[in-house]
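**Student:** The chain contents come next:
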Amino acid sequence: MANLGVYLGVDVGSVSTNLVAVDDNKEVLFERYLRTGGQPIDSVKMALQELYQEHPDIEIIAAGTTGSGRQLVGMMIGADVIKNEITAHATATVHFFPDVKTIFEIGGQDSKIILVKDGVVVDFAMNSVCAAGTGSFLDHQSERLRIPIEQFGDMALTAERDVRIAGRCTVFAESDMIAKQQYGFSKAEIIRGLCNALVRNYITNLGRGKSLEPPYVFQGGVAANKGIRAAFEKEMGHPVMIPQYYGTMGAIGAAILAAENYAKTGKKTKFRGLDTVELDFVSTSFECQDCSNACEIVQIVLDGVPVISWGDRCGKWSAVSKGQ
Amino acid sequence: MKLAFPYMGEGSVAYHKLATMLGHEAVPTLKPTQKTINIGVKYAPEFACFPLKVMLGTYIEAIEQGADTIVSSGGHGPCRAGFYGELHQKVLQSLKYDVDFVIFDSVFDNPRRCIDNVKKMKGNNSFKTVIYTARTVYRSLKLMDEIEKQLQKMRPYEAVSGTCAQIWKNLQKEIAQAYTFEAVDRLRKDTQEMVHAVELIPVPEASRLRIGIVGEIYVVMESSVNMEMEEKLLGLGCEVQRSQYLGDWVDFHLIPHRISKPHELEIQKIGSEYFPIGIGGHARENMGWIKYFAQNGFDGVVHILPFSCLPELMSQSIIPQVSKDLNMPVISFPMDEQSGLANNTTRIEAFIELIKAKKFGSMLTKKVV
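Protein chains in written order, with the numbering used here: chain A, 1 to 324; chain B, 1 to 369.
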C-alpha cells in the first residue's frame with residue numbers, strides 16, 4: 001500500500017505546542033495540543049512520536065512551523081516554511097470560513113485581531129507592551145481561585161449578576177477581583193466579570209480605530225473558555241463562531257502554507273522525519289562579551305556541533321552559522 | 001576642550017571630523033549599546049521619552065571617557081525635546097558631573113544663541129577656517145546621504161550578500177579622514193564607482209517592494225534604538241527610504257531655505273492637510289511623508305515612535321485615517337528599553353506579508369492543486 005502523503009504543521013507558542021497533520025484536501029488527520037512547559041523541543045518530539053504511532057503509514061510531503069518558537073523548531077525538524085503566526089492563523093481561518101472578516105485570536109502570551117477582506121489579511125493588531133487579557137493571566141487566576149481552567153468558562157455562565165472589574169492591567173484586575181471577593185461576590189460572578197473585563201480591554205486596545213465587521217471567528221487556546229465567548233458575543237452584539245480545531249489553528253495554517261509552498265515549488269521536503277526524535281538537539285545560550293551590548297546569543301547544538309545562532313546585533317554569530 | 005556628540009545614525013562620524021578640523025579633541029563616536037541604554041534609563045526621569053534616556057546614557061559614557069563639553073541640537077516647537085538640553089544638564093549636575101553644554105537650536109529660532117555657540121566652537125580659528133570646515137562637513141553629510149539612499153535601493157538585490165554593507169562601512173571609515181573639498185569629492189568618485197560595480201540580481205519593477213520609514217527623528221535614524229528596523233526590512237527583501245537623513249536636517253534647520261531649497265518645505269505643505277499647525281517634532285512632516293510615499297510608488301510605511309512621544313502619539317491617532325485615505329498600509333512601532341524582539345519580528349513579518357498579498361494577490365485565495 002502506498003504511503004499516505006500529509007503536510008505537517010507545528011505551532012510552538014509560549015504556553016502550548018501544537019502539532020497537526022493534514023492531507024491533500026486539508027482535512028485534519030491528526031491533532032495534538034500539548035502544554036509547552038518551557039520545553040518546546042521535548043514537546044515536539046513527543047507529539048511527533050505520537051503521530052507516527054497513530055499513523056505508521058504516512059509520508060510527510062512538507063512541513064511548516066509558526067509561533068514564537070518557529071525558528072528553533074523549524075531548524076530542528078527541518079521545516080520547509082517558517083511563518084509568523086498572524087499569517088498562519090489567517091490562512092487556517094480563511095480555509096474553514098472563506099467569508100470571515102474579523103478574527104479574534106487569544107493565545108497564551110499574545111492576542112491579535114486580524115481583519116480579512118476577500119480572503120486576504122488587510123489589517124491586524126497585536127498586543128505589544130501588555131499581556132493583559134491573554135491565556136496566561138486566566139491560568140494564573142484559575143490557580144488562585146482553585147478552579148480548573150477547563151471549568152472556568154462554564155462557571156462564568158452560571159453567574160446571575162455582572163461584576164465590574166477593571167481590565168486595563170492584570171495587576172489592577174487582580175486587586176479589583178480580590179476587593180470584589182471581599183465584598184462577598186461569588187466566584188462565578190467574579191469570573192464572569194473577569195471575562196467581560198478581558199474582552200472589553202481586548203476590543204478597546206486592539207480594535208482601536210478599526211471597524212470590526214462580522215462574520216467573527218474566535219480562536220486560540222482561550223476560545224475553549226465559554227465565558228469569554230459569551231462576553232465577545234455580548235460586546236459585539238453578534239454571534240461569534242468558534243472553529244472545530246480552535247486550539248491548533250496556527251499549526252493548521254502552517255501545514256496549509258507548507259502545502260501551498262510545495263504546490264508552488266515542488267521541492268522535496270527538508271523534514272528530518274522520525275529521526276528528529278533521536279537527535280541530540282540542545283539549545284544553549286551565552287552572553288557575548290565582545291562589546292558592551294552583551295547580546296544574549298542562542299545557539300543550537302546538533303550532536304555536539306553548533307548549527308545555528310541568533311540574538312546578536314552585529315550579525316557576527318548568525319553569519320558564522322549561515323556560512324556553515 | 002574635549003567634545004562629545006550624541007550619536008544618531010552613521011552620519012554622526014561627521015561631527016567628530018568637525019571637532020578635529022577646528023583643532024578640538026573629541027571622544028570617539030559613541031554608538032549606543034545596551035549598556036548606554038541601561039545607564040540612561042537608570043538616571044533619567046521615568047516618563048521622559050526614550051531618546052532622552054539613551055542620550056543621557058551617551059553623555060555619561062562620554063564624560064567617563066574625558067569629555068568636558070557636550071554639543072547637541074535642541075528641539076523646535078512644542079515637542080519636549082526643546083527642554084532636553086537643559087534637563088540633561090540638570091541631571092548631570094545632580095550626579096556631580098562637571099560638564100559644559102553647547103546646544104544648537106534652529107538658527108531661525110534664536111540667532112543670538114547660535115552665534116554665541118559658534119563663537120564657543122570657533123576657538124582660535126579664523127572665520128574663514130570655520131566656514132571652510134562647516135562646508136566640508138556639510139559636503140561629507142550630503143555624500144553620506146547620497147550613497148546611503150542608493151544603497152537602500154540596492155541591498156535587497158545584491159548578488160553577493162554583504163557587498164553594500166561593506167561599501168557603507170568603508171565610506172564611514174574614509175569620510176572621517178576626508179578633510180578637504182577635494183578629498184570628499186575624490187571619495188565620492190571612488191564610492192560611486194564601487195556602487196556601480198555592485199552585481200545585482202535583476203528583479204522586475206513590478207515585483208519590488210518599497211517601504212518608507214517615518215517617525216521621531218532619533219528612533220528613525222539610530223538603528224541601535226529601533227531594533228535594527230531598517231536591517232530587518234532590507235533582510236525581508238524591501239527597499240527602504242527614511243523620512244530623515246542628517247544632510248536633509250542641516251538643509252532645513254541650519255541653512256537659509258532660499259539657498260538649500262529643502263525638500264522638507266514641500267513635505268510640510270503636504271502634511272498640513274492633516275496638521276494645519278506644527279505640533280512639535282516631525283508630526284506634520286511625517287503625515288507629509290506618508291502621502292509622499294503613497295504618491296511615489298511605495299507599498300507601505302513603518303512608523304516608529306518612542307513610547308510616550310507626544311507629537312508622534314498624535315500622528316499615531318491620525319494614521320488610521322491617513323492610511324484609509326491613501327489606501328496605504330501603515331504600521332506603528334513604539335520603541336522603549338524593552339529589547340525582546342519576538343513580538344516586533346512577528347508584526348513586521350506579518351505586515352510585509354499583508355503588503356505582498358495586497359500587491360501580488362494572495363496565496364490564501366488560490367486553490368491548491
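Check each hint, because a few of them may be wrong.
As the list claims (entries may be wrong) - Computed footprint of chain B on chain A, listed as stretches where at least three residues anywhere in the stretch have a Cβ under 8 Å from a Cβ of chain B:
| # | stretch |
| --- | --- |
| 1 | 77 to 90 |
| 2 | 279 to 293 |
As the list claims (entries may be wrong) - Label-pair restraints from in silico Cβ distances:
| # | chain 1 | residue 1 | chain 2 | residue 2 | range |
| --- | --- | --- | --- | --- | --- |
| 3 | A | SER292 | B | ASP325 | 52 to 62 Å |
| 4 | A | GLN109 | B | SER272 | 40 to 50 Å |
| 5 | A | GLN109 | B | GLU193 | 25 to 35 Å |
| 6 | A | GLU150 | B | SER272 | 50 to 60 Å |
| 7 | B | GLN177 | A | VAL122 | 47 to 57 Å |
| 8 | B | PHE360 | A | SER175 | 47 to 57 Å |
| 9 | B | LYS153 | A | LYS316 | 46 to 56 Å |
| 10 | A | ALA263 | B | HIS257 | 50 to 60 Å |
| 11 | B | PRO45 | A | LEU274 | 55 to 65 Å |
| 12 | A | PRO148 | B | ASN327 | 40 to 50 Å |
| 13 | B | PRO45 | A | THR204 | 49 to 59 Å |
| 14 | B | ALA342 | A | GLU54 | 27 to 37 Å |
| 15 | A | SER292 | B | ARG112 | 49 to 59 Å |
As the list claims (entries may be wrong) - Calculated pairs, EDC-like style, for lysine to aspartate or glutamate (alpha carbon to alpha carbon, straight line, at most 20 Å):
| # | chain 1 | residue 1 | chain 2 | residue 2 |
| --- | --- | --- | --- | --- |
| 16 | B | LYS232 | A | ASP139 |
| 17 | A | LYS316 | B | GLU46 |
| 18 | B | LYS189 | B | GLU174 |
| 19 | B | LYS35 | A | ASP290 |
| 20 | B | LYS324 | A | ASP118 |
| 21 | A | LYS117 | B | GLU10 |
| 22 | B | LYS232 | B | ASP336 |
| 23 | B | LYS35 | A | GLU213 |
| 24 | A | LYS187 | A | ASP118 |
| 25 | A | LYS268 | A | ASP99 |
| 26 | B | LYS169 | A | ASP290 |
| 27 | B | LYS169 | A | ASP312 |
| 28 | B | LYS291 | B | GLU273 |
| 29 | B | LYS142 | B | ASP190 |
| 30 | A | LYS210 | B | GLU231 |
| 31 | B | LYS173 | B | ASP145 |
| 32 | B | LYS35 | A | GLU296 |
| 33 | B | LYS31 | A | GLU59 |
| 34 | B | LYS358 | A | ASP99 |
| 35 | A | LYS316 | B | GLU61 |
| 36 | B | LYS232 | A | ASP312 |
| 37 | B | LYS153 | B | ASP109 |
| 38 | B | LYS31 | A | ASP290 |
| 39 | B | LYS359 | A | ASP290 |
| 40 | B | LYS31 | A | ASP118 |
Treat the hints as calculated values from the structure; they're not laboratory data.
Keep in mind the model is a prediction, meaning the values are calculated, not measured.
Note that beta-carbon positions come from the ideal geometry of N, C-alpha and C, so glycine has one too.
**Student:** Now, for every hint given, state plainly whether the structure supports it.
**Tutor:** Now for the hints, and whether the structure bears them out:
1. 77 to 90: That given contact holds, which follows from 6 residues of the stretch 77 to 90 of chain A lying within Cβ reach (below 8 Å) of chain B.
2. 279 to 293: holds (count 3)
3. A:SER292 - B:ASP325: 52 to 62 Å: 45 Å, violated
4. A:GLN109 - B:SER272: 40 to 50 Å: Once the Cβ atoms are compared, 42 Å apart, the range 40 to 50 Å for SER272 of chain B and GLN109 of chain A holds.
5. A:GLN109 - B:GLU193: 25 to 35 Å: Violated, since GLN109 of chain A and GLU193 of chain B (Cβ atoms, about 50 Å apart) do not stay within the stated range.
6. A:GLU150 - B:SER272: 50 to 60 Å: Distance hint for GLU150 of chain A, SER272 of chain B holds at roughly 57 Å.
7. B:GLN177 - A:VAL122: 47 to 57 Å: 50 Å, holds
8. B:PHE360 - A:SER175: 47 to 57 Å: Holds, since PHE360 of chain B and SER175 of chain A (Cβ atoms, about 50 Å apart) stay within the stated range.
9. B:LYS153 - A:LYS316: 46 to 56 Å: 26 Å, violated
10. A:ALA263 - B:HIS257: 50 to 60 Å: At roughly 57 Å between Cβ atoms, HIS257 of chain B and ALA263 of chain A fall inside 50 to 60 Å, so the hint holds.
11. B:PRO45 - A:LEU274: 55 to 65 Å: 57 Å, holds
12. A:PRO148 - B:ASN327: 40 to 50 Å: 48 Å, holds
13. B:PRO45 - A:THR204: 49 to 59 Å: 28 Å, violated
14. B:ALA342 - A:GLU54: 27 to 37 Å: 32 Å, holds
15. A:SER292 - B:ARG112: 49 to 59 Å: Given about 40 Å between the Cβ atoms, the range is violated.
16. B:LYS232 - A:ASP139: Violated, at about 34 Å.
17. A:LYS316 - B:GLU46: 33 Å, violated
18. B:LYS189 - B:GLU174: Satisfied, since the Cα-Cα distance of roughly 13 Å is no more than 20 Å.
19. B:LYS35 - A:ASP290: Answer holds: LYS35 of chain B to ASP290 of chain A is near 13 Å, not above 20 Å.
20. B:LYS324 - A:ASP118: With a Cα-Cα distance of about 17 Å, the restraint between LYS324 of chain B and ASP118 of chain A holds, given a limit of 20 Å.
21. A:LYS117 - B:GLU10: Judged against 20 Å, a Cα distance of about 41 Å means the pair is violated.
22. B:LYS232 - B:ASP336: Between LYS232 of chain B and ASP336 of chain B the Cα gap is close to 18 Å, so the pair holds against 20 Å.
23. B:LYS35 - A:GLU213: 46 Å, violated
24. A:LYS187 - A:ASP118: 43 Å, violated
25. A:LYS268 - A:ASP99: Answer violated: LYS268 of chain A to ASP99 of chain A is near 33 Å, above 20 Å.
26. B:LYS169 - A:ASP290: Holds, because 19 Å separates the two Cα atoms, which is no more than 20 Å.
27. B:LYS169 - A:ASP312: Measuring from Cα to Cα gives roughly 18 Å; hence the hint holds.
28. B:LYS291 - B:GLU273: With a Cα-Cα distance of about 10 Å, the restraint between LYS291 of chain B and GLU273 of chain B holds, given a limit of 20 Å.
29. B:LYS142 - B:ASP190: OK: LYS142 of chain B and ASP190 of chain B at ~15 Å, within 20 Å.
30. A:LYS210 - B:GLU231: 29 Å, violated
31. B:LYS173 - B:ASP145: Distance ~15 Å between LYS173 of chain B and ASP145 of chain B Cα, so the pair holds.
32. B:LYS35 - A:GLU296: Between LYS35 of chain B and GLU296 of chain A the Cα gap is close to 13 Å, so the pair holds against 20 Å.
33. B:LYS31 - A:GLU59: 52 Å, violated
34. B:LYS358 - A:ASP99: Judged against 20 Å, a Cα distance of about 17 Å means the pair holds.
35. A:LYS316 - B:GLU61: 24 Å, violated
36. B:LYS232 - A:ASP312: 13 Å, holds
37. B:LYS153 - B:ASP109: 36 Å, violated
38. B:LYS31 - A:ASP290: 15 Å, holds
39. B:LYS359 - A:ASP290: 42 Å, violated
40. B:LYS31 - A:ASP118: Judged against 20 Å, a Cα distance of about 46 Å means the pair is violated.
Comparing the model with each numbered hint stated earlier shows that hints 3, 5, 9, 13, 15, 16, 17, 21, 23, 24, 25, 30, 33, 35, 37, 39, 40 do not hold.
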